[in-house]
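Participant: Residue numbers (the numbering used here), protein chains in the order written: chain W, 1 to 731; chain G, 1 to 216.
Hints in this document: simulated from the structure, not taken from any laboratory. From the three backbone atoms N, C-alpha and C, an ideal C-beta is built for every residue, glycine too. Fair warning: there could be bad hints in the mix.
[What the hints assert, rightly or not] Simulated DEER-style distance windows between Cβ atoms:
hint, chain 1, residue 1, chain 2, residue 2, range
1, W, I145, G, D137, 37 to 47 angstroms
2, G, D143, W, I145, 56 to 66 angstroms
3, G, S43, W, G173, 30 to 40 angstroms
4, G, D137, W, S76, 47 to 57 angstroms
5, W, L163, G, S43, 48 to 58 angstroms
6, G, D167, W, K502, 31 to 41 angstroms
7, W, F506, G, S43, 20 to 30 angstroms
8, W, H200, G, D167, 33 to 43 angstroms
9, W, E508, G, D167, 29 to 39 angstroms
10, W, I278, G, D86, 54 to 64 angstroms
11, G, S43, W, M136, 21 to 31 angstroms
12, W, N129, G, S43, 17 to 27 angstroms
13, W, W510, G, S43, 25 to 35 angstroms
Here is what each chain is made of, one letter per residue.
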Amino acid sequence: MACRTCLWLLGTTFFTCTVRLVVEGTEVGATQESISGIQIVTFKWHHVEAPYLIALWILVAGVSKMVVELNHSLTSVIPESALLIIIGWILGGIIYGADKMQTFTLTPTVFFFYLLPQVILDAGYFMPNKLFFSNMGAILVYAVIGTCWNAATVGLGLWGCWLGGAMGDIDIGLLQFLLFGSLIAAVDPVAVIAVFEEVHVNEVLFIMVFGESLLNDGVTVVLFNVFDAFVSLGGAEIDAVEIIKGIISFFVVAFGGSLVGIIFALLISLLTRCTKNIQIIEPGFIFILGYLSYLTAEMLSLSAILSIVFCGICCQKYINANMDERSVTTVRYVMKVLANGSETIIFVFLGISAIDPAVWVWNTGFILLTLLFIFVFRFIGVFLLTWILNKYRLVPLEFIDQVVMSYGGLRGAVAYGLVAMLDENKFKEKNLMVSTTLIVVYFTVMLQGITMKPLVTWLKVKRAAVTELTLAEKIQNRTFDHMLVAIEDISGQIGHNYMRDKWHNFEERWLCWFLMKPSARKSRDYIFNIFHQLNLKDAMSYVKEGERRGSLAFVRNETKADVDFNKKFRASFSEIMPDIMADNMGPDHEAEKGNDIVPSVCLDMHEQDLTMRESEDFNAHHLLQQHLYRGRKQHRHRYSRSHLETNRDENEVQEIFQRTMRSRLESFKSAKMGVAPAKKIQTKHQKKDKPQKVRGEGTFSPFLHVRPHSHPLIGNVMCMLCNVYVMLCHF
Amino acid sequence: NGSKSVVRTLRPEAFKSMIPTIPVTNMVCFFAVSHSQITRLYSRFTSLDKGENGTLSREDFQRIPELAINPLGDRIINAFFPEGEDQVNFRGFMRTLAHFRPIEDNEKNKDPTASEPLNSRTNKLLFAFQLYDLDRDDKISRDELLQVLRMMVGVNISDEQLGSIADRTIQEADQNGDNSISFNEFIKVGNLQHINVWAGDHYLILSYILLSVLQD
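Excised from the complex, chain W in its bound form (with noise of 0.2 angstroms):
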């Protein structure tokens, strides 16, 4: 099988290469022809040549990926992106072989413009926006301070070792340092996914690597922009006023990059809203509009990058919403589709690029100490920022955390894309720049990229103890997380934050109203009509059964209580569900469409149906792991370029809510019929049997404005089933 792939690739490619060559004698041969007679089949390789081509070339690269995923021990070892490179490698000796000359390199354009957008739309869709908006002040800070520190320290760096001497004599300057400092500083959004895939780290740490990555376009772009037209205008031209304007442009172009994507975001909801009579062309939008999101701000020379990213950020809600299930599906997985091809293609021309003696210049000097620098000056860099943030933040980074940040700072496509826009004429050593600017990819994205997960285990386990567990230590730890969770639950150390809260209220009257269907905004006050609804009516008919009973009666037969919400809700629920669900559940949670989602709000009393048989040799170890429930922050988010699967979690999620909801609703009903509850361990906690006010008329759901009733015990029914709806539309 291995084998097989290995040869249809290579074999792919002696036929691109032969190709070519039949070209050119055709070529040659055509013009000597004089058609003598009709012919019957043509070799018209002209007419097809350029999307044949790219055709081809795309099908290598999903050759290679296969390739590469055939040794899963392989990639857990060696990310696939550095494999990729490597695959460029061979395939591009394999065409330099045939062709003496590299005939097939990622060229600035390319890749800027049909490569790299894919990638950061993907990013910018599937971005967990709480995540990454409670966190936003750390990430600028990482984003533009940081990445200004490295292209600083970089450049000035290099330059003084310029000054040196330790280079040579090459024809430099101090802009042009700083220029490439600049265009090398930046983390790149591509190869930091495509590592942090393999490497498991928390939540707060990966958006935190991840943001920075998306965010610091805004800055290179500036700075590259501004170096470069300061080495046009020459050393002698520039003064305070066109570096005050260099500031400026940094925040119109951040600002205005946004701002585009805000308004393209705008658009595609808006759109979305109205394509109600016409959801197969509803996919298409998101696509189009992202890449025009794209093009518009490279147009207005603001920053692209920013642009898609905030289009993806903040068109997710609303066009989830306002589409049918399936073009939401379809968008989730085209989006994946392109972002992973694209990715693949860059890597495998990553590779191949380097394949070409005409762009190597050799300067040792040069090389290691770029790469000396931007290794050192990164980790000072976070260290520095990171003992400043938490001053200041609510949860501070750990020493691990910026280790980790600091190693996996890498560069990639996007550095070699600005270096190769480089003109030669200004810049005499593009090519050694080039040269090091791949160097300093290849050795980020395979050396770091190798070395991360087992840096990051050796850490681990440095601080950890290596001993198994006994059962009782599983089962406390476990209870102690869970006590944490909640203690911090209660201590809501997230807060509230009073910008927050604004922009909740002011998102869910204005911005609601205007983006999404008025479908979907009606199903979600419908869903809260119906509860009251059914409320009403099931806390009566729940009432009436304990009255008519007798209380007693009632209370010992626990099979009654059967308010089982599920055949009455599931019909209208199935619509809004997945945008509640999917909203809260993180993005990369597949809604799961129709019934499945549906929580179960099945209130009976019956015990729950076991059918597991028992086995003579069970593992008690092996048990607890498998069905121990995970603590709420164990739910690791995570974001993935190749998979979209469902949170096994929200099943964990489904039956703890149910339990604690059965519980509740089980005390409360002691609680009301004035008995103890039949528990087998007698508790000194005896709820005493006072009468129950009616708790302050109206006022007990902040969601619900209900008229108060008479009835004391439908009020405090009413209550706890408001605390059940609260909770659904909390997840």
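Since the structure of chain W is provided, determine the placement of chain G on it from the hints.
Facilitator: The following block gives chain G in isolation, referenced to the frame of chain W:
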């Protein structure tokens, strides 16, 4: 002066429910938390208190959505309420949360009545112990353990299997052979790193990050 500003921002109703002779400044010393922490927790307290009567009831806690999906949520809610009572005032709220501050070596405890700081290691363990031990007989019996286990595992485990797990757990931890886990035995179970990593309200995430990275 810092204390004065704290006193000014607290609403008068809150004072009614607190023991009038202990002003807020003393609360700072007693619970050894900082002013900013108190004000933050107080604003959280008031936002939870929908009835606006200066005390929280169980329903107020139950309204926190995340607790509904926490297996031990209800037990922890119970831990806030002193025995037999249905309302907790701010002082009681703080008292429970104060168990979760980081342990500091140089902690000054100005309150003469407390023998140990609230967040000492023993008290934290006691807090956890009481989550299991509902009937307060200072022993975790097999049934109590089973109850907690049942809350923490999925539905696919049968009662018999869970019972076996509980039996083995007690076997491991029990040292005096009474088939239940006393507090002393409970202390000995164990992963010491937890005790040292337990932290105050805003360091909880820190411990979580560590735990999640460590237990990957």
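Participant: State for each hint whether it applies.
Facilitator: To see whether the hints hold, each was checked on the structure:
no. : hint                                   : in the structure
1   : W:I145 with G:D137: 37 to 47 angstroms : violated, 58 angstroms
2   : G:D143 with W:I145: 56 to 66 angstroms : holds, 58 angstroms
3   : G:S43 with W:G173: 30 to 40 angstroms  : violated, 57 angstroms
4   : G:D137 with W:S76: 47 to 57 angstroms  : holds, 51 angstroms
5   : W:L163 with G:S43: 48 to 58 angstroms  : holds, 57 angstroms
6   : G:D167 with W:K502: 31 to 41 angstroms : violated, 55 angstroms
7   : W:F506 with G:S43: 20 to 30 angstroms  : holds, 21 angstroms
8   : W:H200 with G:D167: 33 to 43 angstroms : holds, 34 angstroms
9   : W:E508 with G:D167: 29 to 39 angstroms : violated, 52 angstroms
10  : W:I278 with G:D86: 54 to 64 angstroms  : holds, 58 angstroms
11  : G:S43 with W:M136: 21 to 31 angstroms  : holds, 22 angstroms
12  : W:N129 with G:S43: 17 to 27 angstroms  : holds, 25 angstroms
13  : W:W510 with G:S43: 25 to 35 angstroms  : holds, 27 angstroms
Hint compliance for this structure: hints 1, 3, 6 and 9 are not met, and every other hint is.
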